[in-house]
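Undergrad: Single-letter residue listing:
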Amino acid sequence: MRVRRHRGEETVRRAEPAGAGAPSADGSPGRSRLAARLDRTRQAVAPPFGRIRGERVDEATLDELEETLLLADVGPRATGRILDALRDRVGRGALGAAPGSLVEAVRAEIEGVFSREDRALRISEEPPSVWLFVGVNGVGKTTTIGKVAAQQVARGRNVVIAAGDTFRAAAGDQLASWAERCGATFVRGADGADPSSVIFDAVGHAVARGADLVLADSAGRLHTKANLMAELRKVRRVADRPPGKLCEVLLVIDATTGQNGLVQAREFANAVAVTGIVLTKLDGTAKGGIVLAIREELGVPIKLVGIGEDADDLVAFDPADFASALVGE
Amino acid sequence: MFETLTDRFDDIFTRLRGRGRISEADLDQALREIRLALLDGDVHLDVVRELVNKIRARAAGADLAKSLTPAQQVLKIVGEELTAILGGEPLRISYASMPPTVVLLAGLQGSGKTSTAAKLACWFRAQGRHPLLVAADLQRPAAVEQLRVLGRQVGAAVFSAPTDPVDVARRGVAEAIRVGRDVAIIDTAGRVSVDAALMEEVRSVARATSPRYTFLVLDAMTGQDAVATAVAFHEALNLDGAILTKLDGDARGGAALSFAKVVGRPIAFVSTGERVDDFETFRPERIAGRILGMGDVLSLIERAEQTEDGDGAGRVKDRMRSGRFSLEDFYDQLQRMKRLGPLSGIVGMLPGLPKEMRNAPVDESNVTRIEAIIESMTPAERDDPAIINGSRRSRIAAGSGTKPAEVNDLLNRFREMQKLMRSSGMMAGARPGGRRDKRKGGRVTPARSR
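These protein sequence lines are chains H and F, in that order. Mapping the first sequence onto my numbering, position 133 (from 1) lands on 133, and the numbers just tick up by one. Going from the second sequence to my numbering is simple: count from 1 and add 1000.
In case anyone wonders, no lab produced these hints; they're calculated from the structure. A hint or two may mislead.
Heads up, simulated DSSO-like pairs for lysine-lysine below, C-alpha to C-alpha not over 30 Å straight-line [stated by the list, open to error]:
1. Lys234(H) - Lys1403(F)
2. Lys1419(F) - Lys225(H)
3. Lys1076(F) - Lys1054(F)
4. Lys1076(F) - Lys1419(F)
5. Lys1403(F) - Lys225(H)
6. Lys1419(F) - Lys1403(F)
Stretch by stretch, here's where chain F covers chain H in the computed footprint (C-beta under 8 Å, at least three residues) [unchecked claim]:
7. 59–73
8. 125–139
9. 219–229
10. 275–284
The C-beta atom is built at its ideal place from N, Cα and C for all residues, glycine as well.
Just chain H, with the same shape it has in the complex (with noise of 0.2 Å):
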């Protein structure tokens, strides 16, 4: 295992792009990977998704527009404001009368929403950084650990792996055979254990061995069960104790979530103040169109996607892309 003091010149907690480990947040095998995925998926698909036919500005595009982004989970609410607004710049005759320019808006207006600086993922000069994974039951957050510390251990990171799913059976093994594969620590305790208390000696374990990064798995949780919540405010707690310094609270969505995911993110919000989002499975034939609200009613930025099972199906958001892939494009 590789083992590489990180060293930085700032005291101020930097910033980085995410993707940690494709050599760039534009590095080329990164964006062919995801575009790779995209394309069996626009191959597999065949109508009645890509519904847009229409290229003029008319009602009729409007109407295919508005199907096809509830199609892909944006929402009735959300859609309504997006077409709204693009009638009122229709009605002014704000805009071009070319060729899928009504289209073009769309995208252009999902893209809007996000910010490409969203994806930087935080990281302290003085270590050990802390990110903490959250979310509700089956969305990919063990896997999606695994592939970070992946990644993270690929640019030359010390990194400490906490299991802090105690409930799972399982769980442990799984995240223990991530750890094994990539060369990163793994700290668990006993099934049962509290949680807590893991990602604490976790945090002890990698100050001792100058380790930059703990990455904190959690069991997963639906945001109905209260008992589960309070759990969950009082593991980032923990997390946040000195000398750990917690830089991500990272909810991990899956892309496949209908509405639902809105109320997610705003219930971990909450509980936890969410830093960022990670939306995973987009690999399959759901297009995530849940996040433009959550972007949007919750400020929370979308900094990772997941698009596979393998450690390096992990890549940074790109709102281009995604507002694209959303209007079919």
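Use these hints to put chain F onto chain H, whose structure you have.
TA: The following block gives chain F in isolation, referenced to the frame of chain H:
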């Protein structure tokens, strides 16, 4: 937080009291609200379209008259249409004449297949069967180990092998025969439908094992993608039904409606919690109201029916409908609910409860406090909480070991619950006494029982 559909309907139709007919404009507006509610509820756009058209056709042609207000009429139609789609032919598990009965589980990553496999094993055991769990997910690290741990918990043996999924599945069924298990439940790896190789793999698993039942495990929070996924898996495997998971969340569950409509197969089971026995057969009427965002008033009544003797059940139902549901009745319901199982699942069904109360611990201690408060009231106070003034409140608080503010809280929430029960379109009945009834003729006839 979303307003309930009934709240919005009340707004639209407040103007209509006294009229016997619903105008096209008003119907259009009501249908827009229904469309919005269904889309908010994650029902697929095509299904929503078809439903709205059908409801429009029925509502426009209906003789809106005597016993129902226009709002109630439309809601009744909506409820019936949803139940018709979700109902259909319920799936009754039957067993292979030559054991084992093979059950194959498939679905996307994270949908809950492994947990469901264990819950199914638990369910089959309760039916007197002897299931074998076959761990054919060789993709996810420690998936086999996870199933082994769960298998120990439910008392079912687990078979696996470090070869390939098709081989494991085939040998798993052979093993079931060898050790005399009459049910074999095959857990498979999660897969996206656009992965041609993996879809072919699960087809091969099915070919190798000839399952009697193939279920799509479907997460209740799935959005529009439910249809693309369901169609793809159905084409590959000829599904017998779906198992809807994570219903203990607050996702509205429109994916269930989309699945039933587009695939034309039933929801066989639902998973309602993290414990192995949080698993039951699907009851359509329960989810119809949930999808609309109306809570589950019907279920509440139904459960009351189930656990009470005939007379009592009818009484409670009538009292709910007519708005005379008192604290005494509420207390009785709490007692009955306690006999039915952990409260968290049941409270999710109470409509109109403020979110804090619905999600907040309806753990046993909270219910105990509520019970204590009601127990400290006099019969007169339970019957008409309006008489509870400051001094009564203090006495009740002292007697129950709670604070006056808590007593107040309970009374407020209870009032809200009553209000919703009265105005709910699912329960046509007498208008509350306080409102002036402008309907022509003045008399209100009770609804025909469902």
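Undergrad: Does the structure break any of the earlier hints, and which numbers would those be?
TA: Nothing - there is no hint that the structure violates, so all of them hold.
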